[in-house]
Amino acid sequence: MTKMPNYISTTNACKLCKPLGASLAFRGMEGTVPYLHGSQGCATYMRRYIISHYNEPIDIASSSLSEKHAIYGGAANLKQGLTNVTKKYQPQMIGIATTCLTETIGDDVPMIIKEYKRETEAANRPLLVHVSTPSYSGTHMEGFHAAVAAAVDQLALSPAVTNDTVNLLPGFVSSADYRYLQEIMDDFGIKTTMLPDLSTSMDGPAMLEYEKIPGGGTPLESIRQMGGAKATVEFGRTLGKTRTGATVLKQKFGMRSHRLGLPMGISETDRFFACLETLSGRTTPAKYADERGRLVDAYVDAHKYVFGKKAIIYGEEDMVVGLTSWLAEIGVTPILCATGGRSGHFAEAIAAVTDGVLAEQPKAYEGMDFFDIAEEAETLGPDLLVGHSKGYPLARKLNIPLIRVGFPIHDRIGGQRIIHLGYRGTQQLFDLVVNSLIEKKQNDSTVGYSYM
Amino acid sequence: METTALKERETQIYRKGESTFEITCNKDSLAGAVSQRACVFCGSRVVLYPIADALHLVHGPIGCAVYTWDIRGALSSGPELHRLSFSTDLQERDVIFGGEKKLESALHELIDRHSPKAAFVYSTCIVGIIGDDLEAVCRRVTEEKGIPVIPVQSEGFKGNKRSGYKAACNAMFRLIGTGDTSGISKYSINILGDFNLAGEIWMVREYFRRMGIEVVANITGDGRIGDICRAHGAALNVVQCSGATMDLANMMEEKYGTPSMRVSYFGIEDMSEALYDVARFFKDPDIMERTRLLIQEEVQKIYPELQKYKKALTGKKAAIYVGGSFKAFSLVKAFRLIGMDVVMVGSQTGTTEDYQELEAITDPGTIIVDDSNPLELTSFLKEKEVDVFVGGVKERPIAYKLGVGFCDHNHERKEALAGFTGMLNFAREVYSSVMSPVWKFVPRNTKGNDQTFKR
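Read top to bottom, the protein sequences are chains X and L. When you line the first sequence up against our numbering, it's residues 1 to 452, in that order. When you line the second sequence up against our numbering, it's residues 1 to 455, in that order.
Be aware that a few hints might be false.
Stated by the list, open to error - Straight-line distance between alpha carbons at most 30 Å, and here's what the computed DSBU-like set of lysine-lysine pairs gives: (1) X/Lys-191 / X/Lys-117; (2) L/Lys-384 / X/Lys-212; (3) X/Lys-440 / L/Lys-384; (4) X/Lys-212 / L/Lys-440.
Stated by the list, open to error - Chain X residues, not near chain L, derived (Cβ > 10 Å throughout): (5) Gln-40; (6) Met-207; (7) Ser-267; (8) Thr-278; (9) Asp-355; (10) Gln-427.
Treat the hints as calculated values from the structure; they're not laboratory data. Note that CB positions come from ideal geometry on N, CA and C, so glycine has one too.
With the hints as constraints, model all of the structure from the sequences given.
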């Protein structure tokens, strides 16, 4: 289903542009500087947008094209920029993403890079990975997955040497999520290459020396060996035929891949843990069985506070699918699932995760903006909004709680430290949702109850 | 310490006292240097953005609109159309077949929905390439809808932020001269270059009201199309943030003979000077007397508390990196007023004259820099052992990561820093960052006594 009614203009978009996603993905690779081939503004705007969420430095280089380059092509600037970034940052890799400008003027980036390699000495040159990310097709999520796919495609050694690792491709989640996923994999005893890994590079400690390129990120050597892994696990029910890291691995190395939904809520997390049990040959470690047990206990303790509450869930497609699966399983009624993306698989994924749980399917619309969402909200009368911070004006207007999840969170601190995934993340989000509803009820009451 | 500046950038950095003053500026950012600058579109967007009863439609792919959605603290006393982010969200087929039809339909749809007083249509990079004829579309819609629909030539790559300011001024200039100027006092001004962050223009307007001076148009904080249309009826243009709106003042002077003066509302010294300059212009003893009393009263109100901050902050070091350098002049003076030393000052878009003035008012050893970047800025912060860094959102994590205090003086701030009250807010904000007890934990102050910084 697409958005309805179908307006021509977009007001307060519920998506970001493709190069932003690519820049973030590259930032999750070891020693890598993201580099946008376009005009200076793109890099600066995206840095500002990302900084307001993470409160972390993010240097995104730009080829800073000006008018004459737009006419004669941006090759010279692209090359000069690569040289300058190399000089100043001494990166192991530069992740080059295009923008609408350079796609439209028709710069052939792979060819320019080939020329650059001929003109420079390999010893002094970082690895160069490039991805095509015109912002007029797809959202930041397509950009994110495309950058991951490009890194795998251009770095993984072929023929591969068989090894006993598992590739984990979580998509775009919080820094705390990447940390937690790594912990889970470690506890299962599974040697893992997680791509990307923003756990440290976008949530680092206070430093004595400014790190030109923050530590952390997926080791490049591990990416090189990905083709020899025993399997790949990838999150994303709406990915469809999108070219992703997993599809590249399958195509080039015939690798087995497990595509799962983002592990949010018990049902989806159980699927993930079942997969890990199979891959590791071990049962779920007691630590996680306990986390699950406590979560079930909490579900029971608080089930009445949430039952029948109507939620509007919006944001990136796979995040919304995961949230919907979880909210449905605790008795919340998702009434509208909205995304700015247009994968074509959104409604079917929503149906798949709510099938047998909900009596009635929620509306699930692609291509939505906040004007559309607000219009729908008027008739739907939601009790809460679940999504990133851009839903705040609507939540304020409706005087209902906003549960801040995902990206961006521009009006609170610590967005990168929210755990969304697994039993642990679900526990935190569950407490947050329940307490927000209780707080609303308490504040709206004239009595001033001190037990709720 | 290794050299942190690329060779090509060395002439854009000057250390006062080391050689005769010379600095290169107003040139394109160096590829790969990670400039803190934005683009032409950004320049236009910041200037026009606060006009609250206009439709601001960004013609391009979604990014340009979504990254500028409600990012500024420009307040409105009435309509808030400026806080919405409108885009044509161009798709691949539009890029191939042209976006004019989509633009025209979007304009109709949005004008019908919101009944704005005018519409600004911003070009983005891609529009400059696919060759949509914005003038033609805007002309047609103007005729059909009966409101001014004005194209803004803000293709991102066609120059830098300054070109964007110019494009914004050109767009506004089309409106000026179309309104009725009857009834405007001979003691009247337009306020140019204040964007009403955290209600600043309301404070400044209140000062002028007390002086007996009428403000015709706010350009552009809490701005209204109707006021801008009759701005040519004012006797004087009072221009702050001259980089952004001086072009408009110059165009108005040429066509309507409106004189202009440059002012700044930051810090006691510059704020007072601004009001006195305006009072002197009108050569009216009553206005002058009221101005004198106003300043006396306002300074008295804030002085005692200011002294408290000065006592605590004396001898601390400050670094400044802002968009336009005119603001930097005021900041240098404001820091002096609270006893602090400015050891580094720079801007994204300063001119040679601006940097000359900075050189004149700063102490020996001060680093002056044009169009800097994170690596240079961090090296300056460390070298000068800075206590507080003044900048915008992009500079904040640079300071914080190194355990340096920070004060947001950009368009996204929520604290009023202009006017007399603003000086107090500024001192309070600097104080609350510099004096925080958290710095004792950061690596630069524990040097080896903990493990956190070793990686």
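Here is what the structure says about each hint:
1. Note on X/Lys-191 and X/Lys-117: the hinted pairing is violated, with a Cα-Cα distance of about 34 Å set against a maximum of 30 Å.
2. The straight-line distance between the Cα atoms of L/Lys-384 and X/Lys-212 is roughly 19 Å, inside the 30 Å bound, and the hint therefore holds.
3. Simply put, X/Lys-440 and L/Lys-384 have alpha-carbon atoms about 50 Å apart, too far for the 30 Å limit, and the pair is violated.
4. Of the pairs offered as hints, the one joining X/Lys-212 and L/Lys-440 holds, with about 24 Å between alpha carbons and a cut-off of 30 Å not exceeded.
5. Not every CB of chain L is more than 10 Å from the CB of X/Gln-40 (nearest about 5 Å), against its label as outside the interface.
6. Non-interface call for X/Met-207 relative to chain L: violated, since the shortest CB-CB distance, roughly 6 Å, does not exceed 10 Å.
7. The beta carbon of X/Ser-267 sits about 33 Å from the closest Cβ of chain L, which is more than 10 Å, so the claim that it is off the interface holds.
8. For X/Thr-278, the condition that its CB be more than 10 Å from all CB atoms of chain L holds, with the nearest at approximately 36 Å.
9. Every C-beta of chain L lies more than 10 Å from that of X/Asp-355, the closest at about 32 Å, which supports listing it as non-interface.
10. Against chain L, the non-interface label of X/Gln-427 holds: every CB pair exceeds 10 Å, the least being about 28 Å.
In terms of the numbered hints stated before, the structure departs from hints 1, 3, 5, 6, listed from lowest to highest.
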